[in-house]
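Colleague: Here the structure of chain A is known, so what remains is to put chain B in place on it, guided by the hints.
Protein chains in written order, with the numbering used here: chain A, 1 to 113; chain B, 1 to 114.
No lab work stands behind these hints: they were computed from the structure. Check before you lean on any hint, since a few could be wrong.
Think about it this way: if two alpha-carbon atoms lie no more than 27 Å apart in a straight line, the pair counts; the simulated BS3-like pairs of lysine-lysine are [claimed, not checked]:
1. B:71 with B:106
2. B:113 with A:57
3. A:57 with B:42
4. B:106 with B:42
5. B:113 with B:42
6. B:42 with A:13
7. B:106 with A:57
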Amino acid sequence: KAGVTQTPRYLIKTRGQQVTLSCSPISGHRSVSWYQQTPGQGLQFLFEYFSETQRNKGNFPGRFSGRQFSNSRSEMNVSTLELGDSALYLCASSLAGAQETQYFGPGTRLLVL
Amino acid sequence: GESVGLHLPTLSVQEGDNSIINCAYSNSASDYFIWYKQESGKGPQFIIDIRSNMDKRQGQRVTVLLNKTVKHLSLQIAATQPGDSAVYFCAEKGVRGSQGNLIFGKGTKLSVKP
Chain A
1 KAGVTQTPRY LIKTRGQQVT LSCSPISGHR SVSWYQQTPG QGLQFLFEYF SETQRNKGNF
61 PGRFSGRQFS NSRSEMNVST LELGDSALYL CASSLAGAQE TQYFGPGTRL LVL
Chain B
1 GESVGLHLPT LSVQEGDNSI INCAYSNSAS DYFIWYKQES GKGPQFIIDI RSNMDKRQGQ
61 RVTVLLNKTV KHLSLQIAAT QPGDSAVYFC AEKGVRGSQG NLIFGKGTKL SVKP
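Isolated chain A, as found in the complex (with noise of 0.2 Å):
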């Protein structure tokens, strides 16, 4: 069975641009979840999506956005970028999302410039 897929995996943007990344889960998953990795903060949670649904949010502000569509693929973009968006984004999918075990994908690596 494929892992969780991320596309694409590098990205260069300027500020004020906006981005969005990509999230295939694996098969059969419905949750996606979303992750921002930085050298300052860690992992942070962004947001969670599960049959299309926003069920989750973690402490990100608006320019932060996602969506799922109905085979679970999962999007999310940021709009104005600023510098300090420069981060690892993972991607992670579960079976149902509470209690259940989430397998990471490789993450897209976005620099701002």
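Modeller: Just chain B now, kept in the frame of chain A:
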């Protein structure tokens, strides 16, 4: 101002020795705990999990111990190998209102000397 990165605790062990990585968690209501391994340039990889109704769980070369009294979690790796070199994270998940939300510890960097 200058940003300061996380100062990761580092554990250095000799190949073949046992490793013990510790983690303190924050929420006494958390009922599910996971250990992840993250190698450079990769996403976190699931190692082992444990639910709060257990105090010990064993996998292949790994054992997780849970002490709910002091909110402490540990990961023991037997016969540590060079391929075990990575950053190890513990993560906790609460019960209500936090579905899909893992809270990660800061991580411990394990270095294995051949």
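Colleague: I'd like to know which numbered hints this structure contradicts. Please list them from smallest to largest.
Modeller: 2
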